[in-house]
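Protein chains: 2
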Amino acid sequence: MAVITMVGASMMGCAVCVPLCDRGHDVRVVGTPFDRKTVESLRATGLHPALKLELPRFAAFFHDDVGAAMEGCEVIALGVGSAGIEWATDAIAPFATSSRPIVMVTKGLRCDGTDLLVLPDVVRTGLGERFHPVALCGPCIAGEIARRAESCVVVAGRDPSSRAAVAAVLRTPYCHVFESDDVVGVSVCAALKNAYAMGCAFGIGLHEKNGGRAGSVAMHNYESAVFAQAAFEMQRIVRLCGGRDDTVLGLAGVGDLDVTNNGGRMGRFGRLLGLGLPATEAIAAMEGATLECLEILRVMRDATTAWRGSGRLSEPLPLLDHLAEVALDDAPVAMPFDAFFR
Amino acid sequence: MAVITMVGASMMGCAVCVPLCDRGHDVRVVGTPFDRKTVESLRATGLHPALKLELPRFAAFFHDDVGAAMEGCEVIALGVGSAGIEWATDAIAPFATSSRPIVMVTKGLRCDGTDLLVLPDVVRTGLGERFHPVALCGPCIAGEIARRAESCVVVAGRDPSSRAAVAAVLRTPYCHVFESDDVVGVSVCAALKNAYAMGCAFGIGLHEKNGGRAGSVAMHNYESAVFAQAAFEMQRIVRLCGGRDDTVLGLAGVGDLDVTNNGGRMGRFGRLLGLGLPATEAIAAMEGATLECLEILRVMRDATTAWRGSGRLSEPLPLLDHLAEVALDDAPVAMPFDAFFR
Chain F
365 MAVITMVGAS
375 MMGCAVCVPL
385 CDRGHDVRVV
395 GTPFDRKTVE
405 SLRATGLHPA
415 LKLELPRFAA
425 FFHDDVGAAM
435 EGCEVIALGV
445 GSAGIEWATD
455 AIAPFATSSR
465 PIVMVTKGLR
475 CDGTDLLVLP
485 DVVRTGLGER
495 FHPVALCGPC
505 IAGEIARRAE
515 SCVVVAGRDP
525 SSRAAVAAVL
535 RTPYCHVFES
545 DDVVGVSVCA
555 ALKNAYAMGC
565 AFGIGLHEKN
575 GGRAGSVAMH
585 NYESAVFAQA
595 AFEMQRIVRL
605 CGGRDDTVLG
615 LAGVGDLDVT
625 NNGGRMGRFG
635 RLLGLGLPAT
645 EAIAAMEGAT
655 LECLEILRVM
665 RDATTAWRGS
675 GRLSEPLPLL
685 DHLAEVALDD
695 APVAMPFDAF
705 FR
Chain Z
365 MAVITMVGAS
375 MMGCAVCVPL
385 CDRGHDVRVV
395 GTPFDRKTVE
405 SLRATGLHPA
415 LKLELPRFAA
425 FFHDDVGAAM
435 EGCEVIALGV
445 GSAGIEWATD
455 AIAPFATSSR
465 PIVMVTKGLR
475 CDGTDLLVLP
485 DVVRTGLGER
495 FHPVALCGPC
505 IAGEIARRAE
515 SCVVVAGRDP
525 SSRAAVAAVL
535 RTPYCHVFES
545 DDVVGVSVCA
555 ALKNAYAMGC
565 AFGIGLHEKN
575 GGRAGSVAMH
585 NYESAVFAQA
595 AFEMQRIVRL
605 CGGRDDTVLG
615 LAGVGDLDVT
625 NNGGRMGRFG
635 RLLGLGLPAT
645 EAIAAMEGAT
655 LECLEILRVM
665 RDATTAWRGS
675 GRLSEPLPLL
685 DHLAEVALDD
695 APVAMPFDAF
705 FR
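Chains as they are written, first to last, in the working numbering: chain F, 365 to 706; chain Z, 365 to 706.
Some hints could be false.
Any copy, or any two copies together, can satisfy a pair, since identical chains are not distinguished.
Taking lysine to any residue and the SDA-like style, the derived pairs with C-alpha atoms no more than 20 Å apart in a straight line are [stated by the list, open to error]:
#1 K573 - Y538
#2 K573 - E645
#3 K416 - G576
#4 K401 - A423
#5 K573 - R511
#6 K416 - E651
Keep in mind that the hints were calculated from the coordinates and are not lab data.
Please put together the full structure from these sequences, using the hints given.
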């Protein structure tokens, strides 16, 4: 039994509260200024509007009541969108102590003009070097863990006691938790998979565009070749950032890429691009859904441009480059297969 | 332009003839004694009964006419089922010369009581050490390559000139060919993926059994956790056999596993097991479809038993062991997630 305060009422943030509640913890969720309607709904009925699911009745707080939500808090969790990470860092700063582990379901990357930064390290920079935020990653669709479907997740942190504490509060019969010390590798994979899953889904759209029935078997060879190149490029980028190979071959790498292909928004967006919609139209057709892939592709374009300029990156990333051309520059899909695996 | 003789009229054997014909090669297919009806159909109409597709009109020969099919042959191809590999080795032996590269679409493993043998090495043992059969693998569903859907394949051989020759005859605008020298790693992955894809599909059946609609999003976290553990165990087995890590992270590893999940028989069989059918009933429900996963699980049980006895294998393979219990021993599905990634 622990007191756990989740800052941010995102789908994944609130979904993770389900195993936490099932373990009997005292769970509090604090919305961001953008989460007002979600908090109102959670308070009134327990319904999470984006998850479209009634959740266990944990305490829900508005953003200006963060102090009350933090009373007696033993684990701080961050469940904001990636754009809110600086706000969330400021919000938890007065309450962060080295005896309160911090766990983040927020995923994303930043580029400071030279280096690629993972969000746990962005938070660490904001709070101080003595903090070691733990990343919660792996193949975990929010709607499934919120429905208690069996799931395996990774908690990655440099401080063994922090990550063990996070693993301990989260572990339930349906939520299997694995520990890793590769914060960078796990976080880089968790972000990149959004971009690469978009590309794997091009084949679905191309198949339909070519007259194939939706759902019929016809361009899986294409999709899986892109999947393999995605894994190959993810490893290259993880290595450049100082992460480990085995992370890419595990839950946080190919596992998360696989689940994002099968159950995610990125796949639906990639299908539209494969169908031949220019990126601007495909974005409009997604009706305001968060498209993490676009942010990741922008950050990666900045980072790879800087790395190529400085000579740090000499190997090609033809899939990533093509995905950026399609999604950011409105270029048509034309997969550069012959440039793969070099 | 080359003369290419494919021994065996299997789906994949004949599917690969499509790019070969498109390249303008003189392609001949020789059936096995079990392929008589297929050869008759190919001769009469070009229809391949199992592919359910009319193929380019290459020359089709009955098994007793292999001599005529080999006249002027420049590349020998093997497209028999794995059970026919000894027959095929004997059939090509009189025609095998070191100037005729041998390429195999036949995949599988044998255990000699101590070692796991990949089929290119079984053929090599039969023909002589001077031969270096090339394995053709990767994420390539027969029905897709036969319909000229864009595909990436791997040709793996120890002899650079043989594999380059095979790559050269096969390469077309829609068939992208990548070379590898890791015959063992590529062949081990190509076989293992059948067993592991069966396990990834348990989640589909479990979801339906639990009341979920077929096709709805509900146990993708489960499927992808199994996918990641499959990749982890494939790497462990590939290393034990002397193959390379990068093979597992490439087309022949995670790429082929992904395509087999998405478009293969193994997935349909795994779904039935996830639904709760005992293996004997699930096999019956597959109505005579070749279930490569059963053969692979039997061979791997022999091999891992031998390796554990000799101390060669000390690390656990909990997923593989569970798949064998379910498919070979009629045990119920109960995924040992907490034993994963150790």
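The hints, checked one at a time:
In this homomeric assembly, K573 and Y538 come within 20 Å of each other (Cα to Cα) only across copies, at 17 Å, whereas the closest approach inside a single copy is 40 Å. Taking identical chains as interchangeable, the C-alpha atoms of K573 and E645 lie at most 20 Å apart only when both belong to the same chain, with a minimum of 16 Å there against 39 Å between chains. With identical chains, the CA atoms of K416 and G576 are at most 20 Å apart between copies only, with a shortest distance of 16 Å across copies and 32 Å within one. Only within a single protomer do K401 and A423 lie at most 20 Å apart by alpha-carbon distance; the minimum there is 15 Å, versus 70 Å between protomers.
For the identical chains of this complex, K573 and R511 are inter-copy neighbours only, at 16 Å across copies versus 35 Å inside a copy, given an alpha-carbon limit of 20 Å. In this homomeric assembly, K416 and E651 come within 20 Å of each other (Cα to Cα) only inside a single copy, at 17 Å, whereas the closest approach across copies is 41 Å.
The structure fails none of the hints (numbered hints given earlier).
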